[in-house]
Amino acid sequence: MTRPFLGFGLGLRTEHYQFVLDNKPDVDWFEILSENYMVPGGKPLDFLDKIRDEYPMVMHGVSLSIGSTDPLDMDYLNGLKQLIHRVEPHWLSDHLCWTSVDHTNSHDLLPLPYNEKTIEHIVSRISQVQDFLGRQILIENLSSYVTYNNSEMTEWQFLNEIARRADCLVLLDINNIFVSAHNHSFDPLHYIQGIDSDRVMQFHLAGHSYSDKLIIDTHDHDVCDPVWDLYEQALKRFGAVSTMIERDDDIPEFDILRAELAVAEKIAAKTLSVAELKISHAKASGVA
Amino acid sequence: MSDLKELQHEFLNYLLQKPSSITNNIISDQQLSAQGRLDMYAHGYRLRLKEAIETDYEQLHAYLGDETFDRLMDHYIDLTLSHHPSLRYYSQGLPTHLAEIEPWKETPELAEIASIEKAFCDSFDSADCIAASVQDLSEIDPNSWPNLKVKFHDSVQLLTLEYNSFQIWQALSDEEVPPTRAKDSTTWLIWRSDLISNYVALAEAELSALNTMLAGGDFSALCEVLLDHYEESETPQQAVFLLQEWLSSQMICNIAITND
Ligand SMILES: [Fe+2]
Chain A
-14 MTRPFLGFGL GLRTEHYQFV LDNKPDVDWF EILSENYMVP GGKPLDFLDK
36 IRDEYPMVMH GVSLSIGSTD PLDMDYLNGL KQLIHRVEPH WLSDHLCWTS
86 VDHTNSHDLL PLPYNEKTIE HIVSRISQVQ DFLGRQILIE NLSSYVTYNN
136 SEMTEWQFLN EIARRADCLV LLDINNIFVS AHNHSFDPLH YIQGIDSDRV
186 MQFHLAGHSY SDKLIIDTHD HDVCDPVWDL YEQALKRFGA VSTMIERDDD
236 IPEFDILRAE LAVAEKIAAK TLSVAELKIS HAKASGVA
Chain B
564 MSDLKELQHE FLNYLLQKPS SITNNIISDQ QLSAQGRLDM YAHGYRLRLK
614 EAIETDYEQL HAYLGDETFD RLMDHYIDLT LSHHPSLRYY SQGLPTHLAE
664 IEPWKETPEL AEIASIEKAF CDSFDSADCI AASVQDLSEI DPNSWPNLKV
714 KFHDSVQLLT LEYNSFQIWQ ALSDEEVPPT RAKDSTTWLI WRSDLISNYV
764 ALAEAELSAL NTMLAGGDFS ALCEVLLDHY EESETPQQAV FLLQEWLSSQ
814 MICNIAITND
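One line per chain: the protein sequences are A and B, in this order.
Just so you know, we're using our numbering here: the first sequence kicks off at -14 and counts up by one.
Just so you know, we're using our numbering here: the second sequence kicks off at 564 and counts up by one.
Think of the hints as simulated: they come from the structure by calculation, not from any bench.
You may find that some hints are simply not true.
Stated by the list, open to error - Here are the simulated SDA-like pairs of lysine to any residue, each with C-alpha atoms no more than 25 Å apart in a straight line:
| id | chain 1 | residue 1 | chain 2 | residue 2 |
| --- | --- | --- | --- | --- |
| 1 | A | K35 | B | N822 |
| 2 | B | K613 | A | P237 |
| 3 | A | K221 | A | V259 |
| 4 | B | K581 | A | P98 |
| 5 | A | K35 | B | N761 |
| 6 | B | K568 | A | E250 |
| 7 | A | K28 | B | I753 |
| 8 | A | K28 | B | K581 |
| 9 | A | K66 | B | S689 |
The shape of chain A in the complex, shown without the other chains (with noise of 0.2 Å):
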């Protein structure tokens, strides 16, 4: 398959809103936290509309509650498709969890138990959302703390066969591979090696923090080493794969995200060709 490749991206947070338009700094796309749009009107959709125009985007939700016994949220639904309309943006993802049940958010991300009744639950779930879309979603592997024991399979195995029934893509969060093989004692070589290739349409990167027996997911340091390093066997497996960096939390000056985002690409040049890493806007998703 010929997997488009935007090539190096950041997280579009509201710190930088101004020095991005003042300074059209050489970032080569921006993801943006959908919900952050999905407002009336004012700055945020101000600047979104702003900077799309500088800037190719892709869009990242929290909401979707794909994994969710809750029926799926048709307001929204509606939202999100009003701002992938705005947007346009190349490709938009949210993550293989639950986030609401009983009509109640959580606004955390939960994990699932990895069984055949959730793949069944969560694959019709998923091509409802792309038939109402119009198109297909990527899914992101999670951070968890935890282990369901009527899971049956790794999560790897679980993220495959949901991608493949579905036929959408996968975004794969490489520190999320690293704080779960630590906190569930895995290798996370072998997440990276168990992952269908075919469907993994972007990287993710991130900081975390060590609580007193986890890794917790906190998106509020840099980029550690052997997250690099695991980034780099991911580029070794999968090729070039549009890659950001996720910053939530204690945000530095943009020019210093930038510079942690210039590790990412000095890894890749030393990993993959010059050819391999052409960036190539094609559309990635058709109709579903």
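With chain A held as given, fit chain B with the ligand onto it using these hints.
Using the frame of chain A, we list chain B with the ligand on its own:
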């Protein structure tokens, strides 16, 4: 999917600190117990909601201090579930919480400060429109004026306060020592123009005028309500003056002649 539904329901109960059987579904290992693992989520749940409240009520936080504000947030979270997929809307009920529930309602300026901050939040991302201009008004045939109605920008809000809470809010925003609470009944107008929120205290005539027009009244209704404040001969002129003021402040999206 009844198993999964039950599992999610029990998980949520754990987050909400209600009785829950979810620990039975989670594997404990040498690294950490099921409960220790679930606590990461329970802790995260509260933290995330608190972050959302703190972002929206910065001056109330400053007024109450860290400790009391934290107690308020815990109290609010205990009584308030999030029914909206975006955290942006979680804290919308805080002014009501403060106005109606002990012990907060004993300190009435708290609800008022919160309602000021909520009004600014709402103004910040309310729907855009292209503001109508004084020129648009001048192009309307004067014979049609009695039936003239306006549609205000969604950010336009009236906030009636019984105390000097706006002064308290203002001082806190300027990082100055706030005045002590005092009775001071005033209505404030809050609206957004050029993406910036504005506020102004309203004189009685303008308040009646705005109330009339916001309720869908037309120009003749506007003149009529102004009779309480001005000589009859002055009212049409005053009404036009107010309309022009609102138009040049970008408070109006649309002017229309309606014959109903
Ligand atoms: Fe991520």
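Evaluated hints:
1. A hinted pair counts as satisfied when its Cα atoms are at most 25 Å apart, and A:K35 with B:N822 does not qualify at roughly 40 Å.
2. Only pairs whose Cα atoms come within 25 Å are accepted, and B:K613 paired with A:P237 is accepted, the gap being roughly 22 Å.
3. Straight-line distance between C-alpha atoms of A:K221 and A:V259 comes to about 14 Å, which keeps the hinted pair within the 25 Å bound.
4. Of the supplied pair hints, the one linking B:K581 and A:P98 holds, its CA atoms being roughly 22 Å apart against a limit of 25 Å.
5. Distance hint between A:K35 and B:N761 is fulfilled; the C-alpha atoms sit about 23 Å from each other, no more than 25 Å.
6. Proposed proximity of B:K568 and A:E250 is contradicted: the alpha carbons are some 43 Å apart, above 25 Å.
7. Simply put, A:K28 and B:I753 have alpha-carbon atoms about 16 Å apart, close enough for the 25 Å limit, and the pair holds.
8. A threshold of 25 Å between alpha carbons decides the hint, and for A:K28 with B:K581 the separation of about 39 Å lies outside it, so the pair is violated.
9. Taken as a hint, the A:K66 and B:S689 pair is honoured in the structure, with Cα atoms around 19 Å apart against an allowance of 25 Å.
Checked against the numbered hints given earlier, the structure breaks hints 1, 6, 8 and satisfies all the rest.
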